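Sequences listed follow chains A and B, in order.
Taken in order, the first sequence gives residues 1 to 303; the numbers are from the UniProt record's numbering.
Taken in order, the second sequence gives residues 1 to 303; the numbers are from the UniProt record's numbering.
There may be inaccurate statements among the hints.
[What the hints assert, rightly or not] Interface residues of chain A toward chain B, partial, derived using beta-carbon atoms under 10 Å:
id, residue
1, Asp-168
2, Phe-278
3, Phe-280
[Claimed, not checked] Computed Cβ-Cβ distance ranges for the label pairs, DEER-style:
id, chain 1, residue 1, chain 2, residue 2, range
4, A, Ser-263, B, Pro-221, 43 to 49 Å
5, B, Ser-205, A, Ser-263, 53 to 59 Å
6, B, Pro-221, A, Pro-220, 40 to 46 Å
7, B, Gly-87, A, Leu-57, 27 to 33 Å
8, A, Ala-77, B, Leu-32, 51 to 57 Å
[Unchecked claim] Residues of chain A clear of chain B, computed beta-carbon distances all greater than 12 Å:
id, residue
9, Lys-73
10, Phe-81
11, Thr-82
12, Phe-83
13, Cys-90
14, Cys-98
15, Ala-102
16, Ile-106
17, Pro-166
18, Trp-215
19, Leu-221
20, Thr-223
21, Val-227
22, Arg-298
23, Lys-301
Just so you know, these hints were derived from the structure itself, not from any lab.
These numbers come from a predicted model, not from an experiment.
Quick reminder that beta carbons are idealized off the backbone N, C-alpha and C, glycines included.
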Amino acid sequence: MSGEVQAAAVLGGLAESEQSELSARGRRSNGPTRQGRIGLGSWLLPTYTILAFVFLLIPIVYTFVFSFNDSVKSNIAWRGFTFDKWLNVCNVEGGAVCEAFANSVIIGVVATIIATTLGTMIAIALVRYRFRARSVISLLLFLPMATPEVVLGAGLAAQFLAVGVPKDMTTIILAHTMFCISFVVVTVKARVASLDPALEEAGRDLYGSPAQVFWRVTFPLLTPGIVAAALLSFALSFDDFIITNFNSGSVSTFPKYVYISASRGIPAEANVIASAVFLFALVLVIGAQVSRAARAKRLAKLG
Amino acid sequence: MAFAAFATAEAQPQAPRKSSRIALFLLLPGILYLVLFFLTPLVSLLLTSLQAPLEYGDIGQYQYAFNWQNYVDVMTAYWPHILRSFGYALAATVFALLFSYPLAYFIGVKARRWPLLQSLMLVLVIAPFFISFLLRTLAWKQILSDESFVITSLKALSLLGPDAHFTGTPFAVIFGLTYNFIPFMTLPLYTALERLDLRYLEAGSDLYANPFTVFRKITVPLSMPGIVAGTLLTFIPAAGDYVNASRDFLGGPDTQMMGNVIEANFLVLLNYPAAAALSIILMAAILVLVGVYVKRSGTEDLL
Chain A
1 MSGEVQAAAV LGGLAESEQS ELSARGRRSN GPTRQGRIGL GSWLLPTYTI
51 LAFVFLLIPI VYTFVFSFND SVKSNIAWRG FTFDKWLNVC NVEGGAVCEA
101 FANSVIIGVV ATIIATTLGT MIAIALVRYR FRARSVISLL LFLPMATPEV
151 VLGAGLAAQF LAVGVPKDMT TIILAHTMFC ISFVVVTVKA RVASLDPALE
201 EAGRDLYGSP AQVFWRVTFP LLTPGIVAAA LLSFALSFDD FIITNFNSGS
251 VSTFPKYVYI SASRGIPAEA NVIASAVFLF ALVLVIGAQV SRAARAKRLA
301 KLG
Chain B
1 MAFAAFATAE AQPQAPRKSS RIALFLLLPG ILYLVLFFLT PLVSLLLTSL
51 QAPLEYGDIG QYQYAFNWQN YVDVMTAYWP HILRSFGYAL AATVFALLFS
101 YPLAYFIGVK ARRWPLLQSL MLVLVIAPFF ISFLLRTLAW KQILSDESFV
151 ITSLKALSLL GPDAHFTGTP FAVIFGLTYN FIPFMTLPLY TALERLDLRY
201 LEAGSDLYAN PFTVFRKITV PLSMPGIVAG TLLTFIPAAG DYVNASRDFL
251 GGPDTQMMGN VIEANFLVLL NYPAAAALSI ILMAAILVLV GVYVKRSGTE
301 DLL
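Just chain B, same shape as in the assembly (with noise of 0.2 Å):
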C-alpha cells in the first residue's frame, strides 16, 4: 500500500486524477466573482467611455453611443497630464531602483550569516506599509513645508534660493511616489538577490573580473527577474496613483497626473464617459509599456 502511494506520487507529483467536477466546484465561485467584478467593469469602461450626452438631459447622464471622439477630445484636453504621468512613474521607478538595489542587496547577500538581522531589516522594510498610505505621505509633506526645519535650513545655507518651494513641485511629487513604492521595489530585489549563488561571483574575479564587471555581468542578469518584477510593481500603481501628485498632499496645480483628472471627471465634474475614456488610455499604454518590456529583458516566463 505505501508503495502504491510513492509510485502514484512518483508518476504525478501534483496532479491526483480525481473528477475534474471537483476542480470546477471550486473555481467556479472564484472565477465568476472576478468576471463579475472585474471582467465586466472593464466592458462598462469600455462602452462607457464612447457614450454620449443624453439629448436635454442633465448634467451626468448618459446613453450609450460610439462616440469615438470622446478619446479625441480627452487626449487634446489632457495629453499634459497622460505624459506627466508616465514622466513621473517612470523617473520614481529610477529613483526607487536605485535606492532599492543597494539596501537589497545588503539584506540579501550581506546580511546572510545573520538570519535574525535579515528578518528584522525585512520587517523594516514592509513596516511603511502598517502605516496609513496618506498619512505617510501627509508627514512627508509637513517635514518638507515651506516654513519646516528642513527647508528653513536649506534656505540658510543658501542651497535653496529664499523664495523655493518644495511642496507642490514635481520634483515634490517624484518624491512621494518614490518613497511609497520603494517597499514593492526592494521586496523583489530581495527574492532575487536571497538566491544568488555567491560561487559565480567568485568565479568571475578568479578570471581577473574587477568588481565592477561582476556586478555588470554577473549580478545584475543573475537579479533581473527582481529588476522586473520591482520595476512593474513599482512603475503601475505609480502611473495610476493621484494621491501623491494631489493638490492637498504633494502636488499642486501644475502636476495633475492621470488619475487626478479621472476622479475630477469621475467623482466631481460627472463626466463619466471622459474618466473611462482616460481609464482605457491608462491601461492599454501600460499594458503595452509592460508588454514590450518583459519581452525585451527576456523574462516572458516571469509572466
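Chain A with its partners taken away, still in its complex shape (with noise of 0.2 Å):
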C-alpha cells in the first residue's frame, strides 16, 4: 500500500482526499524559499528529520537484529549471531508460532476479500448514486474508525456470548471483516470519485451492456483503489489485536502468540517471522512507489 493510499485511508471519513489538484498547485508555487532568512530553519529541520527517522525505526532494526541471535528460551540478551532461527522457524514448541502465523494469514485473506467485496460496492453506490439516507449511512461507514477498538471487541463478544455463538476462526474473521470495511470504502470511495464518468458513456455508446460497461470499463479503472483497500484491509487485519484478544477463544494468530508469550519471553522465531513479513511489505511498497514514478514520467512524456 502506498505512503498515500494508507495516508487517505488513515485519513478516513475525517478528510476528503482529492489532493491531486490542490498538491500540483502548491508545488508550482514553490518559488525562492525563504530559508536564508531563518538561518537556524536550513540546517536545522533537516537534522531533526534525520534523527526522527532513526528514532522511528530503532525498534524495528532492534527486531530484526533480534531474529539473529542465538538464543535459547527467552530473547532478551544477545549470544551470538546465528541464521538458524531463520531456516527452522517452525521448529520451536512444536510449530506454535508458524501455526499462529498460518491462522493470521487465513483471517486476513478472508475477511479481506470479504470486506473489499462489501466496501467495494458500498463505495461505488455512495459516490454514483443519490439516496435519501447517504447521512446515516456516512455516519455509519464512519463510527466504526472513530470508536476505540476495545469497545468493538467487547461489544462483539457480549454479543456473540448473547446469541451463544462460541468464539474461534469464524468469529475472528466476522470481527475483522466488520472493522475493514470502513477503511475499503474510504479507499474506493476515492478512487471512484476520480473516474471520468465519460469512459463509462463511451462504452454505452459502443452499446456495451450494462455489465459488460461495468466488467470492461469500470472495473479495471477502479482496480488500483480496490487493490490499496485490500492491502490495507490485510495489515490491518494481520496486525490488529485488542479486538482478536476479545473474540478469539483458544484459536491463536500471531498478534495474540506475541501477547501471550510476552510474559516469559519471546521466542526469536517470532521476531523471524514479524521481519520477513516486514521486508516484504517493504518491497511491495517499494515497488509500487517505483513503478508509479515509472507510469508518472511515461505519461508526462507522452503528453
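Using the supplied hints, reconstruct the complex from the two chains, each of which is provided in its own coordinate frame.
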C-alpha cells in the first residue's frame, strides 16, 4: 500500500482526499524559499528529520537484529549471531509460532475478500447514486473508525455471548471484516470519485450492456484503488490484536501469540516472522512507488 | 452522441439517473453487515452493562435487568483508571503532535522539490505499520529496561537516580503510546501541509510579519484540518489501548488504563456487566470529547 493510500485511508472519513489538483498548485508555487532569512531553519529541520527517523526505526532494527540472536528460550540478551532461527522457524514449541502465523494469514485473506467486496459495492453506490439515507449511511461508516478497538471487541464478544455463538476462527473473521469495511470504502471512494464518467458513457455509446460496461470499463479503472484497499485491510487484520483477543476463544493468531508469550519471553522465531513480513511489505511498497513514478514519467513524456 | 454524453456529464457529473434499485443492491449487503456486527453489538453492550448476576448462578452468569448500579460501581472502583486513560492519551497526543509537526513540515513543504525523497520518507513514516505493533512495543521495553545500555549509561552519567526505573512507570506508558501512534499523527499533518500554498507565507513576511507570527497566523490555521484529524486518530485509539499499559509490556501495576480493566473484567473475571459499563463510558466520553473538540476547532465539515 502506498503512502498516499495509507494516508487517505488513515485519514478515513475525516478528510476528503482530493489532493492531486491542490498539491499540484502548491508545488508550482514553490518559488524562491525564505530559508536564508531564518538561518537556523536551513539545517535544524533536516537534522531533526533524520533524528526523528532514527527514533522511528529503532525498534524495527532491534526486532530484525534479534531475529539472528542465538538465544535459547527468551530472546533478551544477545548471545551471538546465527541463521538457525531463520532456517528452522517452525521447529520451536511444536510449531506454535507458525501455526499462529498461518491462522493470521487465513483470517486476513478471508476477511479482506469479504470486506473488499462489500466495501467496494458501498463506495460505488455512495459516489454514483443519490439516495435519501446518505448521511445516516456515512455516519454508520464513520463510527467504526471513531470507536476504540476495545469497545468494538467487547461489543462483539458480548453479542456472541448473548446469542451463544462459540468463539473460533469464524468469529475472528466476522470481527475483522467489520472494522475493515469502512477503510475499504474510504480508499475505494476516492478512486471512484476520480473516475471520468465519459469513459463509461463511451462504453454505453458503443452498445455495451451495463454488465459489459462495468466489467470492461469501470472495474479495470477501479482496480488500483481496490488493490490498495485490499492490502490495507489485510495489514489491519494481520496486525490486529485488541479485537482478536476478545473474539478468538482458544484460536491463536500471530499478535495473540506474541501477547501471551510476552510474560515468559518471546522466542526469536517470532522476530523472524515479523522481520520477514516487514521486508516483504517494504519490497511491495517500494515496488509500487517505483512503478508509479515510472508510469508518471512515461505519461509526462506522452503529454 | 458524443455531444449528448458531454452534456449529461456536465449537468450531473457523478450522479447518473439510474434506478435506485441498483444502489440498494450495492449498499444492502455491506450496510446489513455493519448493522449486524457493529450496531447490534453496541446495543448488546448497553444491555449487558445493565445486567444483574443470576440468582443462585455461577460466576459469569447474568440475566437481563435494569441494574444501572453497575455504572456507579465501576465509576467508584475504576475512577483512577478512567482518569489515567484520558490523561495518558492526552499527553501522548500532545507529544505526538510536537514530534510529528516538524517532521510532517519537512516532508510536506521542504522536501517538495525532491518527490522521490518525499515518497521515500513517507514509506519510512509508515514503516512501523509493517512490523507487529506488539513486537515494537516489546523492543522498547527491552531497549529501555533497567539493565539496558541506555538506562545504565544514564545512571552512570547521574542523569537518572541509581534506583530509578523507566519501564513500569507512567512515563514509559505515555512514551509507548506516543511512539505507536506517531504515524497516525504524521500522515494527516503531511496531507494538510503538502497542500499549503507557500505564497501565503511569502505574503505574510512581505507584510513584515516575523517567522513566528507567519507560522502562528498562517501555517497553523491552514494546517488545522490535519491537526484535528491527527489528534483524533491518536487520541481515540490511545485512550482505549491496553497493550502499552499492560504489565508485560511498558506498564506496571499502577499504570493500568480503562482498556486493561475492560479486558480483565471481560476475559479473566467474567464480570461482563462491569466490562460493558466501562466500554459504554469510554465510548460516550470519547464521542462527547470529539464532538466538542471538532466544534471548537471549527472543522465540523471534516465529519
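Hints and how they fare:
1. Asp-168: 16 Å, violated
2. Phe-278: Hint holds; Phe-278 (chain A) Cβ to chain B Cβ min 4 Å, cut 10 Å.
3. Phe-280: Holds: closest Cβ of chain B sits about 8 Å from Phe-280 (chain A), inside 10 Å.
4. A:Ser-263 <-> B:Pro-221: 43 to 49 Å: 48 Å, holds
5. B:Ser-205 <-> A:Ser-263: 53 to 59 Å: Holds: the Cβ-Cβ distance is about 56 Å, inside 53 to 59 Å.
6. B:Pro-221 <-> A:Pro-220: 40 to 46 Å: Holds - the Cβ-Cβ distance for Pro-221 (chain B) and Pro-220 (chain A), about 42 Å, lies within 40 to 46 Å.
7. B:Gly-87 <-> A:Leu-57: 27 to 33 Å: About 29 Å separates the Cβ atoms of Gly-87 (chain B) and Leu-57 (chain A), which means 27 to 33 Å holds.
8. A:Ala-77 <-> B:Leu-32: 51 to 57 Å: This hint holds: roughly 53 Å between Cβ atoms.
9. Lys-73: 15 Å, holds
10. Phe-81: Non-interface label stands for Phe-81 (chain A): nearest chain B Cβ at 18 Å, farther than 12 Å.
11. Thr-82: 19 Å, holds
12. Phe-83: For Phe-83 (chain A), whose nearest Cβ neighbour in chain B is about 20 Å away, the distance exceeds 12 Å, so it holds.
13. Cys-90: 18 Å, holds
14. Cys-98: 15 Å, holds
15. Ala-102: 15 Å, holds
16. Ile-106: 17 Å, holds
17. Pro-166: 15 Å, holds
18. Trp-215: Nearest chain B Cβ is 15 Å from Trp-215 (chain A), so the label holds.
19. Leu-221: 14 Å, holds
20. Thr-223: 18 Å, holds
21. Val-227: 17 Å, holds
22. Arg-298: 15 Å, holds
23. Lys-301: 16 Å, holds
Hint compliance for this structure: hint 1 alone is broken.
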